[in-house]
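Protein chains in written order, with the numbering used here: chain A, 407 to 663; chain B, 162 to 540.
Any given hint might turn out to be false.
As the list claims (entries may be wrong) - Computed cross-link-like contacts, EDC-like style, restricted to lysine to aspartate or glutamate with a CA-CA straight-line distance of at most 16 Å: (1) B/LYS456 - A/GLU421; (2) B/LYS437 - B/ASP182; (3) B/LYS527 - B/GLU329; (4) A/LYS449 - A/GLU482; (5) B/LYS456 - A/ASP567; (6) B/LYS527 - B/ASP489; (7) B/LYS394 - A/ASP561; (8) B/LYS479 - B/ASP380; (9) B/LYS317 - B/GLU329; (10) B/LYS437 - B/GLU462; (11) B/LYS248 - B/ASP207; (12) B/LYS456 - A/ASP561.
What the hints assert, rightly or not - Here are a few chain B residues that face chain A, going by a calculated C-beta distance under 8 Å: (13) GLY330; (14) ARG331; (15) GLY454.
Stated by the list, open to error - Which residues of chain B face chain A? A few of them, derived with a C-beta cut under 8 Å, are: (16) ILE277; (17) PRO296; (18) ASN300; (19) PRO301; (20) ASN305; (21) HIS441; (22) GLY447; (23) VAL451; (24) VAL455.
None of these hints come from the bench; they were simulated from the model.
Idealized CB from N, CA, C, for every residue including glycine.
What follows is the residue order along each chain.
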Amino acid sequence: MAIISLAGVDIDVWEGGSGPPLLFLHGAGGFRPGPAYLDLIGKHRRIIAPSHPGWGLSGLTDWMTRPDDIAHLYLELLDRLGIPQLDIVGTSFGGWVAAELATMQPQRVRRLVLVAPAGVKTGSREELDIPDMFATPAADIEKMLYVEPEKFRPDPAKMTDEELRIMLRNRESFALFAWEPYLHNPKLPHRLHRVTCPTLFLRGAHDGLISAAYTERYAALLPNARTVTLPNAAHVPQMEQPEAFCETVLSFLNSEG
Amino acid sequence: MRAWHFSETAYHLLPPAETYDSIRVSLPNKHYDPAKGADLYHRFLDEWLLAEDEGLDIMLNEHHQTATCVDPAAPLMLSILARQSHKARLLILGNPIANRNQPIRVAEEMAMIDVISRGRLEAGFVRGVPYEISPANSNPVRMNERQWEALDMIVKALTHHDGPMSFEGRFFHNRAINIWPRPYQTPHPPIWISTTSPAGAARVGERGYIQATFLTGFDGTKAIFDSYRSAWKAAGRGDDMPLDRLAYAAMVYVGETEAEAYAGAEKLLWYVTSNKVPPHFAQPPGYVPVEAGVKMLRGAEHPLSAFAKAATVEGAIKAGIMMAGTPDQVVQQIKAVYDHVGGFGHLLNMGQAGFLEHDETVRGIKLFAREVYPALQGW
Chain A
407 MAIISLAGVD IDVWEGGSGP PLLFLHGAGG FRPGPAYLDL IGKHRRIIAP SHPGWGLSGL
467 TDWMTRPDDI AHLYLELLDR LGIPQLDIVG TSFGGWVAAE LATMQPQRVR RLVLVAPAGV
527 KTGSREELDI PDMFATPAAD IEKMLYVEPE KFRPDPAKMT DEELRIMLRN RESFALFAWE
587 PYLHNPKLPH RLHRVTCPTL FLRGAHDGLI SAAYTERYAA LLPNARTVTL PNAAHVPQME
647 QPEAFCETVL SFLNSEG
Chain B
162 MRAWHFSETA YHLLPPAETY DSIRVSLPNK HYDPAKGADL YHRFLDEWLL AEDEGLDIML
222 NEHHQTATCV DPAAPLMLSI LARQSHKARL LILGNPIANR NQPIRVAEEM AMIDVISRGR
282 LEAGFVRGVP YEISPANSNP VRMNERQWEA LDMIVKALTH HDGPMSFEGR FFHNRAINIW
342 PRPYQTPHPP IWISTTSPAG AARVGERGYI QATFLTGFDG TKAIFDSYRS AWKAAGRGDD
402 MPLDRLAYAA MVYVGETEAE AYAGAEKLLW YVTSNKVPPH FAQPPGYVPV EAGVKMLRGA
462 EHPLSAFAKA ATVEGAIKAG IMMAGTPDQV VQQIKAVYDH VGGFGHLLNM GQAGFLEHDE
522 TVRGIKLFAR EVYPALQGW
């Protein structure tokens, strides 16, 4: 972990693995080193994983309100690290940030993986594309996130105060950035056609938040995107099916054409 | 000491609580019968006017998508009272300005009511309770900042009279602020802010606005008032802070006998016991500071929520959130909190709630006004 100051914001950047660079953008729950998927991908890629502003140990400033603010920050991060082009994997909320970033500098993205991404509104104004996470009981949310929620349920009694602080701050920052328009940027669909790199939309078959129809409509906004569904996983396939997840992601990143 | 009659204008005619998840935000409005609702609105307006006749002032508030307080546009209710009442001060406590997109519209509403009532408006502003977030689709993060910026804009709109001026803040922007009418009172109606934390009170004290609390009891209120007094003095306003800067809120019911008072007070407790709200509405992310959130995850509970689990009239009196009894007893109860918190200039009486019927409410108001209120004069 290293703190890098970007536009006056201290960002906590984790690096691991070796190989060509890969920017990993975490979801609403934040980033923690340790899970198997990081080791599996790290065997083939140098992973650069910043904690978004307001998440983990990263700072936050007053002017930041939307995910495109975060994307601008990460373009500066890539400048700072001297990386002209790289692969990007964004999960959930991080997929939204990745999509924003890719529209800003399409040439910077070699290949793009969006795992159950938010970011666009594809359906009718009369219905939510994504269930309202802020108006749903926690017991229902965890079933949308995981096939086996009991394996991933946080237990405050076993967490340190610092861990609780980070969890609560992550939730707060997610609300700040995702609140309105809810989990989407109305302008993003009109910018995604510029993202011409090969793009993979990856979704767990049991995802209760990001539906198959939403994923298909989202992918159709990019000229060179395909979709893959992973069985026995919900919204967080990298945690529930790390081997299948990494195999799919790496085979996409390593393929030609 | 001024006393204010306050009712949340609840719609209490609900199905059994076990049949719904939440009395706020998501309770379907099919449970609201507009015919009964109309009767209730007229009844509550009558009660405020009767309180005025008895010498009390008038207070109302605003909540959204809830049966506990069917007053989602409090300035509308207050505008009726501005016309129908004649002498009472009219306190709206308050405008939930962290959740209003147009502060200038709020300034216009306040100015209109002030003019119609010929200068009787007391303009209160609140951040809004957590359950107001969803109905307003309002971001729970940075609410305090929005509240204070909105208030600055409103005060600017109320106090400038020489044509259009601008305000470009973090959250709110107008390039041509020039409200008509301007307020009746100069420089503006008295401003009240409600808060339940000492940190919030420090900001109110610094600016010298009137500090209201809401069912914060003996110790909670003392901490808030102490913080207010310190900030008031630190801002260079002198050592003698007038008591009219502070307002204490409690459920109040006076009876001829203790038994009669307790029977009425028992019905008032509906206000705390009916507040069934699930955590995703009661604790939106970012509403409380992270440190407070950690304490809650470690088992800390809001004092009022803890009280509601085993609410009794005796317990409420002991906690300082209720005054109930014979006139003498109620005077003593008020005296006890008054001395404990260092005095206050306003008593905000929740004199009606839940199943307390009209005749019972009227009896309580009259007994308070005639037998208790005179004893509070000169405090």
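Hints versus structure:
1. B/LYS456 - A/GLU421: violated (33 Å)
2. B/LYS437 - B/ASP182: holds (7 Å)
3. B/LYS527 - B/GLU329: Status violated; Cα separation ~49 Å.
4. A/LYS449 - A/GLU482: violated (26 Å)
5. B/LYS456 - A/ASP567: holds (9 Å)
6. B/LYS527 - B/ASP489: Holds: B/LYS527 and B/ASP489 sit about 15 Å apart, inside 16 Å.
7. B/LYS394 - A/ASP561: Violated, at about 45 Å.
8. B/LYS479 - B/ASP380: holds (11 Å)
9. B/LYS317 - B/GLU329: This hinted pair holds, its Cα atoms lying about 12 Å apart.
10. B/LYS437 - B/GLU462: Answer holds: B/LYS437 to B/GLU462 is near 15 Å, not above 16 Å.
11. B/LYS248 - B/ASP207: holds (15 Å)
12. B/LYS456 - A/ASP561: holds (14 Å)
13. GLY330: violated (11 Å)
14. ARG331: The hint holds - B/ARG331 has a Cβ within 8 Å of chain A, the shortest such distance being about 7 Å.
15. GLY454: Holds. Min distance 4 Å.
16. ILE277: It is violated, given that the least Cβ distance between B/ILE277 and chain A is near 35 Å, above 8 Å.
17. PRO296: Since chain A brings no Cβ nearer than about 11 Å to B/PRO296, farther than 8 Å, the hint is violated.
18. ASN300: holds (4 Å)
19. PRO301: For B/PRO301, the interface hint holds, since the closest Cβ of chain A sits about 6 Å away, which is under 8 Å.
20. ASN305: Hint violated; B/ASN305 Cβ to chain A Cβ min 13 Å, cut 8 Å.
21. HIS441: holds (6 Å)
22. GLY447: Hint on B/GLY447: holds, closest Cβ of chain A at ~4 Å, below 8 Å.
23. VAL451: Holds: closest Cβ of chain A sits about 5 Å from B/VAL451, inside 8 Å.
24. VAL455: It holds, given that the least Cβ distance between B/VAL455 and chain A is near 5 Å, below 8 Å.
Of the numbered hints given earlier, the model fails hints 1, 3, 4, 7, 13, 16, 17 and 20; all others are met.
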